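Enquirer: Listed here are the chains, written in short residue letters.
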Amino acid sequence: LLTKRIIACLDMDGGRVVKGVKFKNLRDAGDPAECATAHARDGADEIVLLDITATSGNRNTLLDAVRSTAHSLFVPFTVGGGIRRIEDAAAVFDAGADKIAINSAAVSKPALIGKIADRFGSQAVVVAIDARTSNSGFEVFVAGGRVPTGRDAVQWAREATDCGAGEILLTSMDRDGTRSGFDCVLVRAVAGAVSIPVIASGGAGSARDFVEVFREGRADAALAASIFHFGIENISELKRQLLEAGIPMRWPC
Amino acid sequence: MIAIVDYGAGNLNSVKTAFDHLGAQVSVTDAAETVAAADKIVLPGVGHFSALQVLDRTGLRKALLQATSDGKPFLGICLGMQWLFEGSEECNDLAGAGIFSGKCRQFPTSVKSPHVGWNSLIVQEGSKLLRGISPDSFVYYTHSYHAPVHAETTAVSEYGLPFTGAVERGNIFGVQFHPEKSGGVGLSILRNFCEL
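Protein sequences appear in the order of chains A and B.
Taking my numbering, the leading residue of the first sequence gets 1, the next gets one more, and so forth.
Taking my numbering, the leading residue of the second sequence gets 1001, the next gets one more, and so forth.
Hint data in this document are derived by calculation from the structure and do not stem from the laboratory.
In this text the structure is predicted, and so the values were computed from the model without any measurement.
Positions of the beta carbon are idealized from the N, C-alpha and C atoms, including for glycine.
Among the hints, erroneous ones may be present.
[To be verified] Cβ-to-Cβ under 7 Å is the rule here; a few derived chain A residues that face chain B:
#1 Leu2
#2 Arg5
#3 Arg41
#4 Phe74
#5 Val75
#6 Pro76
#7 Gly96
#8 Pro197
Same shape as in the complex, but just chain A (with noise of 0.2 Å):
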């Protein structure tokens, strides 16, 4: 039986992980090698590295995270932020990554997609999309979530597989960092308009909203970051009480 996964996600800054509220207010949370290490101790299925920042100047210390995160890290290990052409996907997988996450690039330049996932494979090409509530639906969002773009993420997301994408994180704008709960409106709309694994992301507080989110939701996979790193919700314990809930995880982990 195929189980849903619970993601951890490390957001890093200057080669130190970080969490906000919002995108906003940083506060610091540790080095990514050990906090990999230890959340995948902690059970959790898959870990994500995503590079905040990302500017051009810190590309090395990017590199650096990723070796030696990947160095001692044996479940499926994706990392994003400031990916723009395939040359700095190789280098990613380079260093050790087994999927790239990519968001502004892929808005700008959908081709970018197809191009990485036919020299690395689809299973490699995680498309994130980070979606807002507008009037009409749900608005994608690029550059760290500064940028309007007027595209629908329902379509967004469809045009996306088309172009080969293997995954999609979703993030909900409104919900990151709240904890109130993940967007399962929109979770759902994406989940149920394409043919490939979606991973929620944005609002996770409780054991419930991870229920909530993969019966209502219908998402593949949901990925959290401060509630893990600040200890606020174990893995494990999580896993245990969505098990209890009826989800099917992987346990024991």
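We have chain A; now place chain B onto it with these hints.
Expert: Positioned in the frame of chain A, the structure of chain B alone reads:
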């Protein structure tokens, strides 16, 4: 020395990292001579079945088949396992090694594809590669095509239908999942391979 065959399909770092972690001597290679000189061979790979064409063009196919018939332990991972079968619907023009009968096919449309994530492994008794692995262990998969269940299947997973998670005959082993990304269970399987 374990040769990890590099034919340009996907990322071999994680396979190498896992064997390094276990203290095994590995060499990542695209040379038929290195394959011939190795004690054991790992054929990894993710992506499209057509990537396996490289094996035919470079003489690696011959070296790999020679190694398997010489009795060297051989482990195909993901696409590397699919190569051990007759072929795949993903690329009908390209023949696999044909060591195991049957062809790899797409999943039914009733399930999302690719099949991504941790699935349980129903382990049959008597497998050398999977010795000590609990019957309902979870392993990480990411693939769109699957190999049929077979007389020599040693572990089955289910996704829309039952398919081959692991297969073996004598010195030849294949796993559809990624042991290098399957936590402690995966490392135990790779350790078993090292200790063969």
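Enquirer: Compare the structure with the hints numbered earlier in the document and write down the numbers of the violated ones, lowest to highest.
Expert: 3
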